[in-house]
Amino acid sequence: MSDTAAFPGTGGCPACVAVQDLPPRQGVEGQTGAPLRRFEISLPTIHCAACISGVEQILDSVPGVAAARVNLTLKRVSVTAEDVPGMDDQLLGSLNGRGFEARPLDSAALEATRTDAEGRKLLARIGVSGFAAMNVMLLSIAVWSGASDTTRDLMHWISAAIALPAVAFSAQPFFANALRALRGRRLDMDVPISTAIFLALGVSLWETMHSGRHAFFDAALMLTFFLLVGRYLAHLTRASARSAAAEVAALEVRMAERVAPDGRRETVPLDALREGDILAVPVGARIPTDGVVTEGRSEIDPSMLTGETMPEAVGPGSLLHAGMMNLSGPLQLRIEALGEETLLKQIARLVEAAEQSRGRYANLASRASQYYSHTVNLLALSALLFWGLVGGDWRLAINIAAAVLIITCPCALGLAVPAVLTAASGRLFRQGVLLKDGDAFERLAQVDTVVFDKTGTLTTGTPTLIDPARLSRDDFALAAALARESAHPLSRAIMRAAEAAGISPASLESITEHPGLGTEGWLGSRRVRLGRAEWTGAAGEVERTTAWLTIDNRKAVALAFEDTLRPEARETVTRLKDAGLSVALLSGDAEVPVREMAERAGIADWTAHATPAGKVAALQDLAARGHKVLMVGDGLNDAAALAAAHVSMSPASAVDASRSAADLILLGNRIDTCVDSLRLARVARRRIIENFVLAFAYNFVTVPIAFAGYVTPLIAAIAMSASSIIVSLNAMRLGRQK
Amino acid sequence: MNILVVLIPISLFLGGLGLVAFMWTLRSSQYDDPEGDAARILSGRYDDEPAAEKVKR
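Chains as they are written, first to last, in my numbering: chain A, 411 to 1148; chain B, 21 to 77.
Please note that the accuracy of each hint is not assured.
As the list claims (entries may be wrong) - Derived, one-sided and incomplete: chain A residues facing chain B with beta-carbon distance under 7 Å:
1. 462
2. 481
3. 537
4. 541
5. 693
I should point out that these hints are in silico values taken from the structure, not numbers from a laboratory.
For each residue, glycine too, the CB sits at the ideal point set by N, CA and C.
Could you build all of it, start to finish, from the sequences and the hints given here?
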């Protein structure tokens, strides 16, 4: 499967065609003079020039918008618009209506990551060291091609005048890190790097003062330059992971509607809620926090919490938990004590315990550098002692030690990992996957088992009517007539099935919806009801989600529903199996729906009725047997399991707790991107190891030459740049391949 | 070899000019959206005025 199929509409971009005939910008009419505010919107599917102008034109034509600017690199748009109520919805609605998947971002949470001061400082250091390295290299070429005596000294002096201030400015991050490491009595990569730079400059200055033949000014600068590039790439990956984490935190603007004692309604952030407050929850919204119903009847969908797809009837006195979806009637609820026993707290405790038991993963680079810095320092020291004690010429000995340090300095090593990770995470982002933790990518490559959650992950979470052909045309027409008047997900499923079967709704009179119960209408003098079993007067075993149709409480017709399997689910499972991974399904739902979905997705290993703690136990059991597990889940009941897994993914539609527990977030409402990410992670790991091998091979060849005292500044310059370029090119193969 | 007295300062000056130009691009946020800038050059819409966001910054 190619990358272009990663998003619906990537090939045929919805906007590329749609925006052509958009009316020209309407200017500033409709402005009310309200204060302007910045809105940030995430657009995970934009990818081309037409998308940019499409989005900007759509937003410009919304009344009250002053300016809209797309950032394609971050896949975001920043809109300056009047701060009037409902502006967010208007902006999002206009984009979604045109086929762009748009999600609101909390601009306050993003403010911290907007200006990348650290990255700019690094770029400035790269600029200075690059400038200095090029100029010194020019002067050095004169020396290498035979300049002698005073000319050579002049070149060396000018080089020194350029190199010393340039290094003092550019190499500060290495010096600072090395100092910190030495204070903590540790050795890391920066210690040999700083020693090499200092020694190279010191030796060269000494040689210049005494009209020596060799000076390593260019090597010191080139070292600084290449290593800074590596640092910058590492910074880019880290910064994008950090901004992904911030973006995930900001994906959902957490607001609730509070009913004041005088009946006024106000929208307040969740943090401002207090115990005893009364909240209003409209139809189709999630319950914002745990509470008891005080007014209204409805049905709620608990699937985010438990994985169960069957709606539950609720009325005054029912206890509701945050994350449940209100299906049929407006509710008011009173916030209960937010003590230790609320469901969210219990889940949070499970997540914490699971995270602690997972253990820390030491990434490849830090493991490599541990051995590396010791070896390098020992080599240089032994070169110094050998030539000093055996040869007796300490000036030559210091020269050789400096050469050994310069040649072994981990230029290639410092680039090997960051270059691969930057290329890979950039490609991952283009596929619609947010990486929240750089290490997660290395862990992803080790995965041998994939565990899926059912509801909302393998399935879309929207119900479909089972076997509509079984219904008689008359019954179907009656059901469709009643369903048409309701926004309940089951009613909409009936309407979709009726439209597909070409059934036109029967004509019923005075149709009324009874929230939490069903819909009722009159066929002449006969009462027709569609809804819950006890209300319609039907009786039957309830194995799966069922609505009943009765006429005068007789002749009960069952309409059974099931969750819809994602169209790409089966293919995803097949591709995972082809890649040699074992696949399992772990769901909190009842046995029948889980078995059916598992069969249809092609998963043999399935578990139903799994509690949140049960999921964690199942994953820990797998880990104990030596499996590296990737968990893919979206519900609150998955959060702890996501934290317990070796590495985890969540769709962007998941609840907060799961998104923050997951290492990778799948944007673009598809799950087959998880296969692409897995494959990419494996390729990236192979590249990192290749790069290590290349870097070590280079050292293996050059160290003996340096040790023997044959390394001149010219050889050092060639060896250093050649190895760095090879390693970078090898990494870049990853970013471009289709 | 006297020509070096002229040529070296010239080469340093030109290099320095490049460095200053780079610092300017850095300060004026030209590396914030490289992909978008690459795509925008293909756009048929023209900016008659500076973008409002930049003015406010």
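Quiz item: Okay, which hints does this one fail, numbers in order?
Solution: 5
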